[in-house]
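Visitor: With the sequences and hints as input, model every part of the structure.
Residue numbering for the sequence shown is -28 to -1, 1 to 613, as defined by mature numbering (1 follows the signal peptide of the UniProt record, and there is no 0).
Hint data in this document are derived by calculation from the structure and do not stem from the laboratory. For each residue, glycine too, the CB sits at the ideal point set by N, CA and C.
EDC-like, lysine to aspartate or glutamate: derived pairs with alpha carbons at most 20 Å apart:
no. : residue 1 : residue 2
1   : K339      : D371
2   : K183      : E92
3   : K16       : D464
4   : K83       : D238
5   : K597      : D560
6   : K367      : E394
The following label-pair restraints were derived from C-beta to C-beta distances:
no. : residue 1 : residue 2 : range
7   : F159      : N20       : 58 to 64 Å
8   : S613      : D360      : 50 to 56 Å
9   : D341      : L147      : 44 to 50 Å
10  : D594      : N386      : 51 to 57 Å
11  : T555      : K339      : 43 to 49 Å
12  : R421      : T601      : 31 to 37 Å
13  : T555      : P374      : 48 to 54 Å
14  : P77       : S321      : 27 to 33 Å
15  : T521      : K339      : 40 to 46 Å
16  : D238      : T601      : 56 to 62 Å
17  : D67       : F574      : 51 to 57 Å
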Amino acid sequence: MKSGTVVYSSLAAALCIALVTCLAGALTHHHTISSGSVSLAVGKDGGNKSSPLLYGMMFEEMDHSGDGGIHGQLLQNNGFQGSTLGLTSYAPVGDAQISQDISKPVSAAIKSSLSVSVPEAVSDFVGFANTGYNGVPVVNATYNTSFWMMGNYTGIINIQLIGSHSGIVYADHNLTVQSTAMNFTQFGATFNSIESPDGDNEWHLTFDGSKVAGSSLNFGYIQLFPPTYHNRANGLRKDLAKVLEEANSTFLRFPGGNNLEGLQVDSRWKWNTTIGPLVDRPGRDSDWFYPNTDALGLDEYLWWCEDMNMTPLLAVWAGKSYGEILSGPDLEPFVDDIMNELEYLLGNSTTPQGKIRAQNGRKDPWKVDYVEIGNEDDLTHGCATYPDRFNQIYKAIHDQYPGIILVASNGDLNCLPSPLPEGVIIDLHLYRQPDDFVALFNQFDNQPRNQSVMVGEYGCRNTTSAKGTYWSFLQGSCSEAVYMIGMERNSDIVKMAAYAPMLEHFGFISWSPTLYGFDSSPGSITPSTSYFVQQMFASNKGNTILPVTSSSNFGPLYWVASRTDSQYFVKLANYGLDEQNVTISIPDTHSGKLYMLAGTQFQANQPHSITIQTVTSNVRDDGGKYAVTMTPWAIAVLAVS
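Guide: Encoded structure:
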């Protein structure tokens, strides 16, 4: 993912390579008037094998997709991590004063706490509020909350979820604590809530001010979790995770993206500061304009993959930050760090790092078969040194873990070792406007079949305005479908393709569009038109690509056919202004489903408003033939057996 002014780069350099033919000006025939009638005859045998991992996702912490997003913890700035937030999201409740107190750190990692001072003669309950990420989602559910506390106090702590402006109390829970001034103690509680009609809510912690009048108490590392995916402690927010689960992605590329690299070497993503107890994770200033808590850390990514049956694609830091690039002897300590990370993931519980993993709750090694070396090293001055940096890291990993499939972070031959070691996958990133995506339909048709490719980031963008189109629209999603059909036709060499970015909080947008979005209000989760394309294509894919005899050339209609055993899949995209009447012949099939995404050219699902989504209908054969009407800009999948 790009940051800063690089965001809107055309990435021409990444595409104009020997492996990937530049196609500027090609396939312009999609603008011609079609006859409106196309016949397709799907062969039963032949064709090429298709990668089982083809359709996946790329995730990095941006637009509060992790903190305040798919990671379940709902309170913002809960550990005062990073250097930019101050008292963001905090407010006093009652007659109290609050301040950030660096003299009383919660731990070596959580370097400050919240001081709540109570004036003399106060007799009411007082405390503080946290307003979350533009509000706290309050639903009819059971919540878990916890906090660390220091100061002399024995008595009731009251926890509430309450409307910020309405004052309506949705949850009210008391717990009794005994706290001392000697050290921080953690307390927690579980409570039930009723649903708020909006996201304008906050979390309150109050205590008996009469017991603290003229003094103060300190609170730190506060947390609030709704129900989590697979009921995991420190887990994913269940509602957001379920939407992703239903997309049926086969792999997850993480932790970035630019957020892997760091604005400086020391602010890179450091795996070993994202593991273990949360109170021991310092967080960091990230590349995307707000601090990361790293509560969504290395183990949490792996649990995420395991729970969703996704293959992990782990990226490791390869010496390039935005401020400095390290290579040669300067890189060697960081190569050692990569090897420690892999031992943590893959070593048995008797190894030094494997023992730490077991202590952190995972006795058995994780299954990590794919590792990417760096991110976009053809950009931001990384090209010249990447071949040597890649070789240095490749040798260390391959010598010890020869079974790991390694990915180079770009596809520019000038930025890759020559020769590239056998079995290495190259990574292409493409953000394009609709016509430009369609022009790349046959990008992989005539490439050598011995070089595997990953499209590690792709998505359609309209960059005519400063930050691009706010949200996906049907023509753009149709252009992605055309490109995906081109990839699937060549999925013997295109091993993986990750739509990016994955998720955004509507209140914190630095990049658009994304696959789906949300905010703090009930029912806010909004899949984009591109989400439904990804879901249709990932859910209906064979293991063998089949030959198709057609009555027309590609454009404006595009197609690909595949099969698994007795089930056949035909994907269609109509990138044009005219309706296409398609007759599909698939011998020896009888019935199935037709999945269709159709609407007007610029139709989009705006936040809180899903106006276009996949429509499913039953189909039966007429002598092995199926008639499908493709309206302009429609995307469809026919699945029959």
